[in-house]
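So the protein sequences, as listed, match chains F and G.
Its first residue numbered 1, the first sequence is counted upward by one per residue in my numbering.
Its first residue numbered 1, the second sequence is counted upward by one per residue in my numbering.
In short, the hints are calculated from the structure, not lab data.
Keep in mind the model is a prediction, meaning the values are calculated, not measured.
Heads up, some of the hints might be wrong.
Derived lysine to any residue pairs resembling SDA-like cross-links, with alpha carbons at most 20 Å apart [said to hold, decoys possible]:
1. G/K184 to G/Q154
2. G/K184 to G/A130
3. F/K202 to G/K184
4. G/K67 to F/G43
5. G/K67 to F/S87
6. F/K202 to F/R154
7. G/K184 to F/S87
Chain residues, written in single-letter form:
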Amino acid sequence: MGLPATSLLPSRVPLHRTASVPAVPSSSRAPADVTLLERIAAGDPRAFEALYDRHGGAAYSLALHITGDRGRAEDVTQEAFLSVWRSRERYDPARGAVKSWLLGVVRNRSIDDLRRHGRHARHRASDEGLEEYAEAAERTDAQALLRDDARAVREALDGLPPDQRAAIELAYFGGLSHTEIARALRVPVGTVKGRMRLGLEKLRGRLGAEREPA
Amino acid sequence: MTTRDHDRLAEDAAAYVLGALEPAERAEFEAHLADCADCRAEVARLSPTVAAMAEAVEPAAPPASLKRSLMAEVEPRPKPRRATRRFRLRPAFAAVAVLLLLVGVAGFGLGRASDGDDARTLSVRVDQNALPGASGTLTVLDDGAVLALERLPQPPRGRAYQAWLERDGRIVPQPTFRPAPGGKGSVALTGDLAGVDQVLLTREPIGGSRTPSEQPVSSVAL
């Protein structure tokens with residue numbers, strides 16, 4: 001499934017993490033993501049490096065979550081960033097935050113990888129140790145905030161009725177279509193679509209409620 | 001586009017933003033989006049929630065080698081080549097997997113075919129000492145499978161469940177997942193399962209491992 005997941009984001013993203021927490025600028029003078037993309041389009045390696053430093057962790061984490069394999073997560077993340085560098089993936093500001101767009105690219109490539117490599121599983125050894133999980137060594141306050149936000153989303157997901165959560169996660173992280181999910185869970189297609197609707201709606205409500213201004 | 005078409009397609013907005021429509025349905029939905037402001041607004045309303053999910057996965061630190069190879073592409077210079085190797089089934093792990101298959105545990109059922117459609121559902125064997133009361137099924141689809149378990153205990157702090165495929169003695173990592181509070185957990189194993197001898201489940205550090213770090217707590221033979 002080639003997939004649009006975040007391909008039609010609104011220009012204003014009221015619930016989005018990056019809307020409330022700037023995407024980890026190391027100082028208040030750090031260039032905006034959009035500025036970095038403009039400089040990348042002009043071939044500036046330093047802008048590319050800055051974009052990677054800012055979002056590489058989230059991209060890799062998502063790829064790892066979907067592919068379940070560090071070597072493949074590395075490959076997917078690398079492909080995604082290089083496609084940005086080579087301007088093969090075009091960012092449209094009308095579609096939302098740069099980070100959401102970038103993660104949409106990573107999600108779609110991860111699902112493609114899952115489908116491709118499910119057939120001929122192979123593994124690449126990484127030079128890096130296997131045990132260095134999570135928890136980046138350097139943390140900024142912004143990153144800590146992002147983690148809190150991520151925890152809130154995970155808790156909201158955990159709080160969904162299991163059937164709704166399964167439908168949502170199998171689709172988004174598993175790359176399964178609603179008909180595949182219906183077959184797997186042995187329920188009608190309409191039921192799966194209904195669970196997706198209700199689940200997303202609840203998730204949206206919970207995240208929105210937490211972000212209402214006091 | 002009739003009103004009835006709109007009503008039918010509007011139902012698909014959630015599946016669309018989750019990337020869950022079949023290709024033909026997606027094409028139809030996107031064609032409809034082009035001339036339907038209501039559906040565009042609905043997609044725009046739901047998209048940030050899906051984007052938030054993308055950012056909510058367990059954080060993992062990318063290896064430094066990733067940035068090195070990216071920057072090497074951007075600023076051309078000789079690229080380091082990485083070795084390729086295959087994982088081998090550890091003897092102890094194999095022995096335990098075999099043992100798990102041989103030792104009957106209460107609640108085990110052998111694989112049974114589902115009724116009629118092209119999906120095939122198999123019962124999962126569960127180590128009742130490690131996961132008391134848990135049970136599950138593996139549904140094999142045309143292009144992948146779904147492992148669905150119930151009454152799974154929450155994994156220890158910092159750990160998640162990870163599925164594995166065993167094919168010709170090689171163990172292939174699959175995604176990790178954490179069960180919902182009620183103990184339901186499911187994970188998609190995508191790809192052709194041809195040649196896969198069994199699907200295994202272990203508890204691994206969050207983010208997953210490349211080789212199992214414990215004896216499988218559940219398995220299903222194909």
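These are the hints, each one checked on the structure:
1. G/K184 to G/Q154: OK: G/K184 and G/Q154 at ~10 Å, within 20 Å.
2. G/K184 to G/A130: Given that 20 Å is the threshold and the Cα spacing comes to 16 Å, the pair holds.
3. F/K202 to G/K184: It holds: about 19 Å lies between the C-alpha atoms, which stays within 20 Å.
4. G/K67 to F/G43: 17 Å, holds
5. G/K67 to F/S87: The hint holds at about 19 Å.
6. F/K202 to F/R154: Holds, at roughly 13 Å.
7. G/K184 to F/S87: 42 Å, violated
Checked against the numbered hints listed earlier, the structure breaks hint 7 alone; every other hint is satisfied.
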